[in-house]
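Using the sequences and the hints given, assemble the complete structure.
Residue numbers (my numbering), protein chains in the order written: chain A, 772 to 1314; chain B, 393 to 490.
If you're looking for bench data, these hints aren't it; they were derived computationally from the structure.
Beta-carbon label-pair distances, calculated as ranges:
1) SER1079/A - HIS417/B: 52 to 62 Å
2) ARG1009/A - SER427/B: 39 to 49 Å
3) GLN870/A - SER427/B: 24 to 34 Å
4) ALA1164/A - ILE490/B: 28 to 38 Å
5) ALA1156/A - GLU419/B: 44 to 54 Å
6) PRO480/B - SER1079/A: 37 to 47 Å
7) THR410/B - ASP1277/A: 39 to 49 Å
8) LYS479/B - ALA1152/A: 45 to 55 Å
9) HIS417/B - GLU1289/A: 46 to 56 Å
10) HIS417/B - ASP1277/A: 28 to 38 Å
11) ASP1077/A - PRO483/B: 37 to 47 Å
12) GLY411/B - GLY800/A: 21 to 31 Å
This structure is a prediction, so every number in the text was calculated from the model and none was measured. No residue lacks a Cβ here, since even glycine has one placed at the ideal position from N, Cα and C.
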Amino acid sequence: MYLYDHYDQAMVDARVEEFRDQARRRLEGKLTEDQFKPLRLMNGLYLQLHAYMLRVAIPYGTLNSRQMHALADIADKYDRGYGHFTTRQNIQYNWIRLQDAADILADLAKVEMHAIQTSGNCIRNISSDHFAGAAADELVDPRPYAELLRQWSSFHPEFSYLPRKFKIAVIASDTDRAAMRLHDIGIQIVEQDGELGAAFYVGGGMGRTPMIAPCIKEFVPLDRLVTYAEACLRVYNREGRRDNKYKARIKILVHEMGAEEYAKAVDAEFEHMLDEGIEPPFAELERIRTFFEDPAFDQSASEDIDRSDPDFALWVDRNTVAHKVPGYASAVISLKPVGGIPGDATSERMRLMADLAEEYSFDELRVMHTQNIVLPHVRKADLHALWTALEAAGLGSPNLDTVEDIIACPGLDYCSLANARSIPVAQKISERFSASGKTEALGQLKLKISGCINACGHHHAGHIGILGVDRKGVENYQLLLGGSEAEDVSLAKITGPGFDEAGIVDAVETAADVYLREREDGERFLDTYRRIGMTPFKEALYG
Amino acid sequence: MRILTGNDLKSGEVIWWTGSDWSLHVEDAADVSGSEEEIARREEAARRVNASYAIDAELHAGSPRPVHIKDRIRALGPTVRPDLTLKPADPDIGNWVI
Chain A
772 MYLYDHYDQA MVDARVEEFR DQARRRLEGK LTEDQFKPLR LMNGLYLQLH AYMLRVAIPY
832 GTLNSRQMHA LADIADKYDR GYGHFTTRQN IQYNWIRLQD AADILADLAK VEMHAIQTSG
892 NCIRNISSDH FAGAAADELV DPRPYAELLR QWSSFHPEFS YLPRKFKIAV IASDTDRAAM
952 RLHDIGIQIV EQDGELGAAF YVGGGMGRTP MIAPCIKEFV PLDRLVTYAE ACLRVYNREG
1012 RRDNKYKARI KILVHEMGAE EYAKAVDAEF EHMLDEGIEP PFAELERIRT FFEDPAFDQS
1072 ASEDIDRSDP DFALWVDRNT VAHKVPGYAS AVISLKPVGG IPGDATSERM RLMADLAEEY
1132 SFDELRVMHT QNIVLPHVRK ADLHALWTAL EAAGLGSPNL DTVEDIIACP GLDYCSLANA
1192 RSIPVAQKIS ERFSASGKTE ALGQLKLKIS GCINACGHHH AGHIGILGVD RKGVENYQLL
1252 LGGSEAEDVS LAKITGPGFD EAGIVDAVET AADVYLRERE DGERFLDTYR RIGMTPFKEA
1312 LYG
Chain B
393 MRILTGNDLK SGEVIWWTGS DWSLHVEDAA DVSGSEEEIA RREEAARRVN ASYAIDAELH
453 AGSPRPVHIK DRIRALGPTV RPDLTLKPAD PDIGNWVI
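Take a look at the structure:
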């Protein structure tokens, strides 16, 4: 993984001291809250429902065990012994004191981490495929390109005050595991006539106006990657609306201009920029790439797995994924125990995952946007030992991509923007399906819950989505069907009138039962929905 | 009734105006109807509170209870982590929130 050089470390260290001074001045009354708020947000420090909340960046979701240990230590030293892994592959702490914030940033800097650009109208943490560098189906490891873009976008003076926040994802396989087309810019590394390049999808997103990003350029040579990205941003920075925050995202601009016109504007800007020397030397990309070379895989690792323990065999079937090297697998540690809080991990569990990564996965972990953790490179021969350790710690839930593997935003339990609670609904649904024994029969069923229209829980992209709303001061939940964040991307549609907390759990089960009744061989929930449409579901839900 | 809330500047903890000081406990909150803006301005200037605002509340068993669920969750703590709330040992506190 990427390691800071002298310049990276100096920049982050300087930022810590700058923020320490800003926080001191705020506490001494030399800065008002109005003056301080944009400064703390630039360092990931929010004021949330119960306290200050710190969002820490995890670039493209990649961590080493030392960093995970540091995150656990921060949870114990400055918070309440746990953290929350988010749908942008980051981690949030919910109970931070302002007087501690600079010390936390200093502790993060010691392990090459920070909270810069995890808030505000700037380019946010760049996300990627959580199986990058391990996936059997990837063209190349997408992370060097994500890292190059991270370096380009960090402290970029031209893009520090965009019309709105800006999110970029980079993948390098036809299978989309990063919700790439639901980003402001989605980049897919592709091959054309033996040459690698980047396809650009611009203007996607969720939130109150969900849109799927159209492809505006099928192939950008890699030695023009940054220049083209900058051209996309420049057109947005110049033409994007600043008069209405609800119409300020790039998706609105692309939609209003039309993808073709927007692409022409980007092309014109791109041509203009080619002589400006913005593109970093290709050698820099090569330098970055060296940090992402394969670890020393055992080329003779056995493919055999002893499946005599049925519980272990189930976990292998559900929670491990094909690796590019024979004899290895990527193992998913579910942070979704039945009745648990999706994405939460105690410091004790963080340390265990760190230790297991060091022992079994070449010291690497990944945070998934689905709020689970990946150990990307595990020898198949070690899977049983890994699973045994996870089981003992309550981390062995075999539920990847099932109805129990629910994405849920913090919702009204933690978030000042939320209208309804998300977590209790997720807990009740996982308990319901676990008790009913239907999880196995339902197969892949991606369920995503947001506590407000901002859609941090990706409800638009759920095979089943749930949106919490406030109906005259009472929590109410809308049910949506038919969304997907994957390569078969689609936006979910609302079924009809909403439900109360108990009713939404029943409604999800009703929708699942329609699928079980109507499905044909090999169909997932999403496939059946797309074949039969909304009507049978509405009839079952509303009579 | 109207009650005034905000966050402690240093700790970020949720606090409630008692009429003379700030408390962690909403049941200590005083009715500030008509004077909420003046108190908020003065207390923010003195750096005793951050991001203060007034909300509607009603008396419940003799103590103020915020009208909106968001403020009740804010007053107590996350409903999904009773151990982290201000009343971890009260088995009925969920009924007060919901």
